[in-house]
Amino acid sequence: MRLVSSTSPEEIASWRDAVLRGIAPDGGLYIPSSLPHFSRDDKDRLRSLSFGHMASEIVRAFIGEELLADEISALCAESFDFEVPLVQLDETTHILELFHGPTCAFKDFGARFMARLFRHFWGIQARPLTVLVATSGDTGSAVAQAFYDTSEAAPIRVAVLFPKGKVSDVQRRQMTTLGHNVTAFEVDGTFDDCQSLVKRALRDDSILRQTALTSANSINIARLLPQMLYYAFSLMQFEEPALVVVPSGNLGNLTGGLMAHRCGFEARHWVAACNSNDVFPHYLSSGQFSPAASRETISNAMDVGNPSNFSRIVSMCGDTASQILSGYSISDDETLQEMASTYALTRYILDPHTAVGARALRTHRELYNQRGTAILVSTAHPAKFSATVTRAINVSPALPPQLAQTLSKTEIIKPIPNSYSALVEHLLATV
-16 MRLVSSTSPE EIASWRDAVL RGIAPDGGLY IPSSLPHFSR DDKDRLRSLS
34 FGHMASEIVR AFIGEELLAD EISALCAESF DFEVPLVQLD ETTHILELFH
84 GPTCAFKDFG ARFMARLFRH FWGIQARPLT VLVATSGDTG SAVAQAFYDT
134 SEAAPIRVAV LFPKGKVSDV QRRQMTTLGH NVTAFEVDGT FDDCQSLVKR
184 ALRDDSILRQ TALTSANSIN IARLLPQMLY YAFSLMQFEE PALVVVPSGN
234 LGNLTGGLMA HRCGFEARHW VAACNSNDVF PHYLSSGQFS PAASRETISN
284 AMDVGNPSNF SRIVSMCGDT ASQILSGYSI SDDETLQEMA STYALTRYIL
334 DPHTAVGARA LRTHRELYNQ RGTAILVSTA HPAKFSATVT RAINVSPALP
384 PQLAQTLSKT EIIKPIPNSY SALVEHLLAT V
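Residues in the sequence shown are numbered from -16 upward in steps of one, following our numbering.
Since the hints were derived computationally from the structure, they do not count as laboratory data.
We treat Cβ as the ideally placed atom computed from N, Cα and C, and that holds for glycine.
It is possible that part of the hints are untrue.
[Claimed, not checked] Derived SDA-like pairs: lysine to any residue, alpha-carbon spacing no greater than 20 Å straight-line: (1) Lys26 <-> Gly47; (2) Lys26 <-> Met219; (3) Lys182 <-> Ser(-9); (4) Lys147 <-> Glu394; (5) Lys147 <-> Ala276; (6) Lys182 <-> Leu112; (7) Lys397 <-> Asp171; (8) Lys392 <-> Asp132; (9) Lys147 <-> Thr160; (10) Lys397 <-> Tyr131.
[Claimed, not checked] Taking CB as the label site, the calculated pair distances span: (11) Arg28 <-> Gly162: 37 to 47 Å; (12) Ser402 <-> Thr373: 32 to 42 Å; (13) Ala323 <-> Ser(-9): 46 to 56 Å.
Please work from the sequences and hints to get the whole structure.
Written out as structure tokens, the structure reads:
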């Protein structure tokens, strides 16, 4: 299978080249030139497999021309060595808990798969590869953990850019307590500023001639492939297609779902649940895509005003997006209310991002009188947002062991202004 740029279909690349580049030379994002289709018989067979074995079967259909079957099986077994539970909340609602990996967020699926794929494709080279990642919360910690390497001359380095004061304490510490091959840059700006710096560096030939750079954000196709897997897995658990609700910011998680949909793992409908950063819901209702400065909310990982994966969704869905997609913007007050009401009724603790999804699901059902099976994607463990959870339900969620360990470690932070020259100076200093 070959990949093409979302803006120039004639810009063709192998998986190896696309993964290591991160972004196409024309500035577009890579998408598959065509998608494999899984029939009913295929799904009947896949349904009986463990998550890891199912994952290797699906991944083989995408990159089987560039990796051996045994290599793909090992990659998936190592990447997805944690549970993926589907928890029933009420008679028709099931929560897909994606926070059981090492950093307690759904980003572990993409980051762990990506890290192993990078190591395979990069191999042993004379110069190191620097992975640039902009984060509004969970991406940075997942990527940092996945690529973490204590060896003296690590072949792959990680540079994480996060917005100052706009991530939770736990999220920040997961990025800033590693050291070794991981450098955490605290940018005096927003997530959109961090993302712009990363994109600019990846297109700067003067920098690329001096050092090898790639991206680990969802602009990299290596993140999307593993993210489609849990949609395939969960949708196969039901006889009839389910409604799927996805907390959405940069739209990478949703794009993975739509890829699964187009491969034959179809949902009844998809709901993009956004906070007050409502660019995508506005597009779905008006047809106008109007990027804006991001707004700060309590669901900070979704504080994105110019979602990168919009171009992929348009390339895949075209004018049919509004037929299979709905989008809702949920305020902070509504988010807190949903956390409180869900806990009061079920004793289930929602993190603020999943709560945005829960309120969007409620809104969609009321508007369209839909009471069928729904899958609510839960993107992070509530303990990562303990202050907000306590504010909503007056209960502090217990810290899982992997988060508790992080809080006892020393932070190493490199503060920089919202300046491209400042970032370049730091990147070139390590060449």
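To test your reading of the hints: which numbers does this structure violate? Structure breaks no hint.
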